[in-house]
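Generate coordinates for the entire structure from the input sequences, incorporating the hints supplied.
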Amino acid sequence: MVGIDLSHIWAVIIAFGVMMYVVMDGFDLGIGILFPFVKDDRERDLMMNSVAPVWDGNETWLVLGGAALFGAFPLAYAVVLDALYLPLIFMLLGLIFRGVAFEFRFKAKAHKRHIWDKAFIGGSITATFFQGVTLGAYIDGIEVVGRTYAGGPLDWLKPFALFCGLALVAAYALLGCTWLIMKTEGRLQEQMHDLGKPLILVVLAVTGIVSLWTPLAHPEIAERWFSLPNIFWLSPVPILVLLCTWALWRAVQKRQHYAPFLLTLGLIFLGYSGLGLSLWPNIIPPSVTIWEAASPPQSQAFILVGALFIIPFILMYTAWSYYVFRGKITHEHGYH
Amino acid sequence: MFGLEALELARIQFAFTISFHIIFPAITIGLASYLAVLEGLWLKTGKSVYMDLYHFWSKIFAVNFGMGVVSGLVMAYQFGTNWSAFSDFAGAVTGPLLTYEVLTAFFLEAGFLGVMLFGLNRVGPGLHFFSTLMVAIGTLISTFWILASNSWMQTPQGFEIVDGRVIPVDWFAVVFNPSFPYRLMHMATAAFLATAFFVGASAAWHLLRGRDNPAVRKMLSMAMWMALIVAPIQAVIGDAHGLNTLEHQPAKIAAIEGHWENPPGEATPLILFGWPDMEREETRFKVEIPKLGSLILTHSLDKQVPALKEFPKEDRPNSTVVFWSFRIMVGLGLLMIMMGAWALLLRPRGKLYENRAFLHMALWMGPSGLIAILAGWFTTEIGRQPWVVYGLMRTSDAVSNHTVVQMSVTLVLFVVVYFALFGAGLGYMMRLVRKGPVPAEGTNHQEGGPGQQRTPSRPLSAAPDDEDDTQTERS
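The listed protein sequences correspond, in order, to chains L and D. Number 308 in full-length UniProt numbering belongs to position 308 of the first sequence; there are no gaps in the numbering. Number 338 in full-length UniProt numbering belongs to position 338 of the second sequence; there are no gaps in the numbering.
Keep in mind that the hints were calculated from the coordinates and are not lab data. Warning: the hint list may mix true and false statements.
In silico lysine-lysine, DSSO-like type, Cα no more than 27 angstroms apart, as pairs [unchecked claim]:
#, chain 1, residue 1, chain 2, residue 2
1, D, Lys309, D, Lys286
2, D, Lys286, D, Lys303
3, D, Lys435, L, Lys112
4, L, Lys109, D, Lys435
Right under this line is the structure:
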């Protein structure tokens, strides 16, 4: 299959939507993961306030990911959600706890607040961990016979997937940490600057392990990365990851405000691209391609018209919302 | 679990998560439009009572919206997790409809909600009203797409089947399938009515406790005008919807009526009450009115209505359930019509805000709209069985291949989590309702939101955080 077709475009749109989700809900969830490191109630208020105006919009990208997969690649939607049933349900339940805790915490009487703090921490960590497990199990591959999932209910429960769960917790924590460096000042920002370095090291370590584990366990992915001439085309990715990490380290060391978050975004983007390059053009690894899983052109074209017209508007008012809530958040201006 | 099979557990789980979910969007749809009307009236007349009500209801709206978002996220994935064979079979039609709902509705709501809840002082009344309108329109667009999808599953058209899967050939025919206009009107109107009775009950609660102010009176009055005008319209829409169902899903109508056979030449009676027994193939203990069934459903005195025995046993929906769920819905609808008329009679003598019997009734009718919505959905969804896509795919062929154990575990988790969290949320909504509208809130009350000291979060935290007010007011 050469050239651009509808399935190509839809794969890119869905990848973009999921990427938006990972980046935007990533720092929301990261703040929940970092909650245990900050004990002061007022600073916890600040952490939550920094994402309060945008979290539910961020989560909408996950709904888009699910819905667009259903519309453009129904076979993938059917098989992947069937295979990863349990981790996905656990992730959704975590997101429910996180979502309501977010809101109930400010409503609760002082003596009940700790309940919602725990729900927020537990929900964020559970959602992130099982998102990572889902991702790991997805990379590991899904057994398909005919057009249905042929594995068991616990096939996802493997060391690689569980490690990916931990890796994502670390990555989101770093996103949350650098987001807070950007959005806060004073003591909380200092704390986050201090937390930044160990987090960078952990993220570097888990990225390295996942990057080695994946090709070692999957010869076809190793083939993709290490054969000629691919190795020349693809080598910039790991090199850029190292450069980005180094720059991030320096930025945190220099106590910069904005650079750490932007560089973390770069890092996440590179990791995400690496993943895409490993799997392309499969949408149900290791063997079902986007074309095999595609809905008929009548369906893909029908939603493409809407998507191309509407997504720019969505990006516009999303950007507007971030603009309205721009700048540092302080105790004096409780809601930013 | 309890001797149930994975298929039944998948159905129970889906029914549970979607029944819980529908409560929140139903109120969201109604309240969003109510808020738009309130703000429009405020801009037009300048009367502060409308702004007081806007502030009061926008807080309750915010709590409700937040719960709708998180429970709705689950629904976006339940099709695939529980019904993967259906998703593969019909995804080319229902997937794009769901995608359009996200693109055109969900993002619109999420995008303008922040300004709507917190932005009045920042963007000015004009742009703020625009934001409220966008949220209200977003909820209706969402209704449009999800009902198009559901209606297509009830009365599919505009497709062909290639390699055992549905391929859309005419999207206009897919979206505007035969039952769609009726179902869309019926559901949107139901959401408005459910909200009106929720609002009316809140007002009645305050009046019964002697907390009388112009805002409370205004919301009771508006709610009862809605009941008077919209409840009878809903009855007409419901009748038309029933005739449409008779044409396209006769087995559903036969099950709703508990009607088993047609003796030659005999018009169909209307069974008022009874117990349809699927094993015995008869409706026991029935109280019936001769010929009325024919009159209502065929608008004639001699034509017969299809009977359950005309359909093979395996194609019959469960009459016991839909017979009763339908009667609960209709009974509540008749009570709503009666409430509107009663309110009208009380108005000229100024007794609307004082008649305690009426106010007690209005209070008890608070959840009536939501119960009617659930009963109506149980009727139409169980009445569609044994099909998931009517006439094309059976529900038993649609289910994912999960084990009983994993379906049981997740079902228990959903039940525990939903009752705990959404129970807490509903309790919080009721606490806000008990606080009541505050006169002149718009002028002396810190607006909160961006750059303000209070109201630190969104969406639920548009509600104020001073619990103590509630305590003092209650004592």
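>> If you test the structure against every hint from before, which numbers come out violated?
In response: Violated: none.
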